[in-house]
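Mind docking chains W and E with the ligands on chain Y? Use the hints.
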Amino acid sequence: MSAVHVSTKINGDDVEFVCRPDESLLDVLRDRLGMTGSKEGCGTGDCGSCSVTLDGRLVCSCLVMGAEVGGHEIGTIEGMAQGDKLHPLQQKFLEGAALQCGICTPGFLIAARALLERNMDPTETEVRYWLAGNLCRCTGYDKIVRAVMDTAKDMRKAAAKSSAKKPAAKKSPAKKTAKKGARHAA
Amino acid sequence: MRYEAPDTIKAAVGLLSKAKGTSRILAGGTDLLVQMRSGMVEPDLVVNIKGIPGMRDIVADKGGYRIGAAVSGAELEEHGKVGQMWPGVVEATNLIGSTQIQGRATMVGNLCNASPAADSVPAMIAAGATARVVGPKRTRDVPVESIATAPGKTSLAKGEFVSSVFLPKPPARTGSAYLRFIPRTEMDIAVVAAGIAMTLNAKGVITAARVSLGAVAARALLVDACAEAIIGSTLDDAALDRLAAAASAAAKPITDKRGTVEFRTKVAGVLARRAAVIAYDRARG
Amino acid sequence: MPLDANTPDLRTEFKSVGTRPNRPDGVDKVTGRARFGADFSAPGQLVGLVLRSPHAHARIKSIDTSAAEALPGVKAVITYKDIPEQEGCDKDVLVNIMARGTALYDGHAVAAVAATDAAVARKALKLIKVDYKVLKHVTDVDEAMKPSAPVLHPGRFEPVDYNSLETASHVSGKQETKTKTREGSNIAGRYVFGHGDVDKGFKQADIIVEHEFKTEATHQGYIEPHACVASVSSDGMAELWVCTQGPFMVRDVCASLLGMDVSRLRVTPSEIGGGFGGKTTVFIEPVALALSRKAGKPVKVVMSRSEVFRCTGPTSSASMWVKIGAKKDGTFVAADAVLKYQGGAFPGSPVEMGAMCAFACYDLRNVRIVGYDVVTNRPKQAAYRAPGAPMSAFAVEGVIGEIADKLGIDAIDIRLKNAAKEGTVSSYGPTFGPVGLVETLEAAKAHKNYKVKLGKNQGRGVASGFWFNFAGNTCVSINLNVDGTLALALGTVDIGGSRASMCLMAAEELGIAYDDVRAIIADTSSLGYNDISEGSRVTFSSGLATIKAVRDLKKRMCGRAAKIWGIPEDAVKWENGAAHPAGANAGGFDPLSIKEIAAQASATGGPLAGHYEINAEGAGPSFATHVCDVEVDPETGAMKVLRYLVVQDAGKAIHPSYVEGQYQGGAVQGIGWVLNEEYFYGKDGTLQNAGFLDYRIPVCSDVPMIDTVIVEVPNPGHPYGVRGVGETSIVPPLACVANAVSSAIGVRARTLPMSPPKVLAAIEGVAASKA
Ligand SMILES: Cc1cc2nc3c(=O)[nH]c(=O)nc-3n(C[C@H](O)[C@H](O)[C@H](O)COP(=O)(O)OP(=O)(O)OC[C@H]3O[C@@H](n4cnc5c(N)ncnc54)[C@H](O)[C@@H]3O)c2cc1C
Ligand code: FES
Ligand code: FES
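Residue numbers (the working numbering), protein chains in the order written: chain Y, 118 to 303; chain W, 2 to 286; chain E, 284 to 1054.
Since the hints were derived computationally from the structure, they do not count as laboratory data.
Here the structure is a predicted model, which means the values were calculated and not measured.
Do not rely on the hints blindly, as some may be mistaken.
Okay, derived cross-link-like pairs now, EDC-like style, lysine to aspartate or glutamate, Cα gap no bigger than 16 Å in a straight line [to be verified]:
| id | chain 1 | residue 1 | chain 2 | residue 2 |
| --- | --- | --- | --- | --- |
| 1 | E | K728 | E | D696 |
| 2 | Y | K270 | Y | E234 |
| 3 | E | K611 | E | D688 |
| 4 | E | K734 | E | D696 |
| 5 | W | K51 | Y | D172 |
| 6 | W | K21 | W | D45 |
| 7 | W | K21 | W | E5 |
| 8 | W | K258 | E | D967 |
| 9 | E | K409 | W | E43 |
| 10 | E | K429 | E | E466 |
| 11 | E | K739 | E | E918 |
| 12 | W | K21 | W | E43 |
| 13 | E | K580 | E | D518 |
| 14 | E | K739 | E | D916 |
| 15 | E | K406 | W | E43 |
| 16 | E | K838 | E | E852 |
| 17 | E | K611 | E | D489 |
| 18 | W | K258 | E | D977 |
| 19 | Y | K270 | Y | D238 |
| 20 | E | K689 | E | D612 |
| 21 | E | K610 | E | E685 |
| 22 | E | K606 | E | E493 |
| 23 | W | K258 | E | E499 |
| 24 | E | K846 | E | D873 |
| 25 | Y | K202 | Y | E212 |
| 26 | E | K689 | E | D489 |
| 27 | E | K966 | W | D257 |
| 28 | E | K1041 | W | D257 |
| 29 | E | K1041 | W | E263 |
| 30 | Y | K202 | E | D311 |
According to the in silico footprint, chain Y covers these stretches of chain W (three or more CB under 8 Å from chain Y) [claimed, not checked]:
| id | region |
| --- | --- |
| 31 | 3–13 |
| 32 | 30–39 |
| 33 | 42–51 |
| 34 | 100–106 |
| 35 | 180–192 |
Glycine included, each C-beta is placed from N, C-alpha and C at the ideal position.
Pulled out of the complex, with its shape left as it was, chain Y reads as follows:
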């Protein structure tokens, strides 16, 4: 098995690594780069605890090959806070007790951030469907969904404030996502 040499960007930093072609991005992050914030709950795409962004898109890092991320940009939980300033979602999860054991938390945070970047005004149904690929066995999801909705609310308020100050500012991102809740299921 010939190893592959990969140059990529993780959380804005240039990173190089060597991996075997059968290693997943999650294996690389955890075992080669020591970034253990992304968790392996299943290794088969079912639990979302390994969620990262790949060129801004939410994916399961256990279903991405390490070998294929050359030239792409990866975002992990380790890059979510800016220095010692937590991302608003991290802060809300903490305050709202949206975690019990916390193993699912990094995945939920990455997934929720991807949602709020696309849609700052999601309905409860949209939040639930967007997060359906993230399993949590402890919380029953209630406080997680609330934390995401509360963060969205804060973000809308902040956006309204800043656009009131400077009327020329960009409007909040168009609501264009998570139609899943509305789609026809049997």
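Using the frame of chain Y, we list chains W and E with the ligands on its own:
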């Protein structure tokens, strides 16, 4: 295992043709990586096609759309126009997995994985989609229903792969829909599914229809009897009853961890009926 | 003495307790910094993997490891021979961690390897040749009790007179032919509880309802697979980093299995990614230690998700019969039940607790419960949240729902009429002290959810539930730092925010700020023995010990103040974070704050610490009542939970957010159990759905918000009135949802899960019988 990421179709075909042992195309990887992890396949060669120009493009073509083999479900949804033209197909594709899976999974991967429960396949069959197969000898366009032959088996020859799927321009007053049954609301494989496309005349009479059922046989079925049950009708109750009966009659399912023969048979009819109602409403606009 | 006079044993007014501060381990957990089981690594570690039986039941004729051993990169291969039986060890655990002669279930460990990387280890597993002779298997509990069933442990359990089994007359209907086989049986135990005269009681009944019920095994489904790193040095000193609910248990069990002195093995618990009872035993830990011992290097073993499903303990599947008689006004006059739980390949199913809980919610004159513990070719069951109770509650609460319907009595009213209260002699023996079932029923009835009008195909269900709550061995230390802040060392792993609750109680007791206390979970060499974090015991027991350790510290701090002031110790009292003279006679000294006392600790006699150890008693039971609304699609059998309400007695909610979290999490686990979760076995006895795609735990879009009401009926056994809250919440949902479905479409589901195919078949059955 060797990993290759060629940048032309020709190079990819060359690699696949020459490879010894087991080789696999890597599209979104949402089936392939799971299968590798469980030891179900141990490929000697993996060919990532995502870097080949055109593979990630959706191109307007002859009034319809050609969708590259590496276009993910999320990209297909965001395109918007394909969904307006063939809502059944796009909705079916978007049902696959979770948000995370949508970021990677492709329609073509769904097709070539050849699972009888693949969501996008009955919808594509109903839409009359064709797959473009490239290979060492020639390039051919084939109906999508001819790709899967049995669970996990395709009609692709050594060195061949699918480079795109073509969704034709639908006639005026055409509507499509896809419904599946899963025990949860998300993150499940279809227990039974129905994809429908139909065209109406100005009076609202169905003049053409294609009905496909998923997860009720070794591969997705195109059921002529279902189409015949509604062609010529305005989808009145009698036509819907005939449709449901035809769908249940065509279903040849098995009992497994996901459902029973009785359940799949009955619900095939229920879903065909419900999908038909949606497609009919869409066709009327 | 004044100290005690000022700190009454049962506190009712609180400053810190009852608030909702951020947890001390929170930032690490939202930034990915917290280290869970698989996040530990040791320098030079090897990768350990386990070879598992592909057969449900097979004799292992031989194991040839030579090819694996010869593979470059392989540093150790072990079989049961490398873990010889030690005197006094738990033989069942020994056999479960590594098969000895017979593989007893699909996934049973047979051998293990340690290699330089995962790819080599995987290759090595394939090179191990095991020669199996496949035996007849049995996975169903009723089948396993038949004389024709293959016997798992020949000669171990008494042969049974099948005609004398309660099961024969009550349940199967058919009489089994009387055979006493030489091999014995699969019936590992029989338990009987109750009082009064059931037969007499039934004679007074105006209505009697009796049915058979079946539930499938469900898995705890924690998202973090089992993981550990073991390091055994050549001098026998050993370290183990592991995700577990019980580091002391892991230490003691591993030491006894491997023949080590307990002092040689130090176990450090990682953060734990869920357990729910499933991490209260050992699986890979002794194997990793044995591999490390043989290889002479640290070894890391992490289970795959499919291993978690195949080889760690789900809970029991159950087959039950319940009969209840009532008067026209709804008063229960007699109750009878037979419970049969299979606990996998070894004895120890939670049928005893299931039997004790079955009728615990009700005040009954005549009651009897018989429980059978049965072995089958399935993985050894492990505790799962209120072990044994959800199944028996499913049957009992289902029968009660039917009686209420038949008598035309409101579902809450019939429970109020029969509810257990203070002074009730419980169906399992003890007499209840103050308990809160009535309060939960009344609060449920008053809740807005109970008044919502229902639409077509919608229905409402009600069910109550009970759990004892455990107490047990606990040991806590609290150390005063030089600046007056505190370090609290706990020996009970934090599974859902308990560190925050302990800090709140310490702060409350000291009258200082929550942020001044930092709680950590100690390793097994730093603190005395603590029982496992299970049985909803942590907030109660470690809380009690924390409060008592703080009181010990306060006493010492008062002593230092007395020394400084030159007055007797008992002339000093503790108030609002400072030592005060107890009264005017003691002298006119300014209070000495905890910070001042800390600063002078060295000068006044050395470091200050408080300590407490206890084998606690007095855990108060927690009752709950759940109300749920569902909508059923009559054409597909699909179900949607529209609303869900949990009302439960917490005694005292220390950190209400985490109490609500327990209520919500337990309810959703219960919803998963009733709707879709199940162990699905093939004809060959192998597990067909060992992954999260087909073992369907609820996803976010499956459930609504879970409404909660915290009832507080203080437990007199705890200084703040705390009861455990973690487990009761999974007891009512099974029946609650089933009762709701019945009210929606008139179909009574008595076999779980109520997956759509079953519901649809039942709907069609009802339609056919009406036609
Ligand atoms: C958690 C989870 C949930 C899922 N849920 C669903 C679901 O709801 N419905 C559903 O239908 N499926 C589901 N799947 C399966 C999978 O996501 C889909 O089948 C998906 O569409 C596969 O696309 P892919 O691009 O990821 O395929 P890949 O994994 O890249 O490929 C799949 C197979 O097709 C072959 N292949 C791929 N592209 C080509 C090509 N162009 N030419 C020839 N062969 C090719 C590959 O070699 C491989 O054998 C799920 C999977 C996971 C992990
Ligand atoms: S570990 Fe990737 S989805 Fe579970
Ligand atoms: S908090 Fe434990 S799994 Fe989500």
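Hint by hint, here is what the structure shows:
no.: 1; hint: K728(E) <-> D696(E); result: holds (9 Å)
no.: 2; hint: K270(Y) <-> E234(Y); result: holds (13 Å)
no.: 3; hint: K611(E) <-> D688(E); result: holds (12 Å)
no.: 4; hint: K734(E) <-> D696(E); result: holds (14 Å)
no.: 5; hint: K51(W) <-> D172(Y); result: holds (14 Å)
no.: 6; hint: K21(W) <-> D45(W); result: holds (8 Å)
no.: 7; hint: K21(W) <-> E5(W); result: holds (14 Å)
no.: 8; hint: K258(W) <-> D967(E); result: holds (14 Å)
no.: 9; hint: K409(E) <-> E43(W); result: holds (13 Å)
no.: 10; hint: K429(E) <-> E466(E); result: holds (13 Å)
no.: 11; hint: K739(E) <-> E918(E); result: holds (13 Å)
no.: 12; hint: K21(W) <-> E43(W); result: holds (13 Å)
no.: 13; hint: K580(E) <-> D518(E); result: holds (13 Å)
no.: 14; hint: K739(E) <-> D916(E); result: holds (10 Å)
no.: 15; hint: K406(E) <-> E43(W); result: holds (12 Å)
no.: 16; hint: K838(E) <-> E852(E); result: holds (9 Å)
no.: 17; hint: K611(E) <-> D489(E); result: holds (6 Å)
no.: 18; hint: K258(W) <-> D977(E); result: holds (8 Å)
no.: 19; hint: K270(Y) <-> D238(Y); result: holds (7 Å)
no.: 20; hint: K689(E) <-> D612(E); result: holds (11 Å)
no.: 21; hint: K610(E) <-> E685(E); result: holds (14 Å)
no.: 22; hint: K606(E) <-> E493(E); result: holds (4 Å)
no.: 23; hint: K258(W) <-> E499(E); result: holds (13 Å)
no.: 24; hint: K846(E) <-> D873(E); result: holds (14 Å)
no.: 25; hint: K202(Y) <-> E212(Y); result: holds (15 Å)
no.: 26; hint: K689(E) <-> D489(E); result: holds (11 Å)
no.: 27; hint: K966(E) <-> D257(W); result: holds (11 Å)
no.: 28; hint: K1041(E) <-> D257(W); result: holds (13 Å)
no.: 29; hint: K1041(E) <-> E263(W); result: holds (10 Å)
no.: 30; hint: K202(Y) <-> D311(E); result: holds (13 Å)
no.: 31; hint: 3–13; result: holds (count 3)
no.: 32; hint: 30–39; result: holds (count 7)
no.: 33; hint: 42–51; result: holds (count 3)
no.: 34; hint: 100–106; result: holds (count 5)
no.: 35; hint: 180–192; result: holds (count 7)
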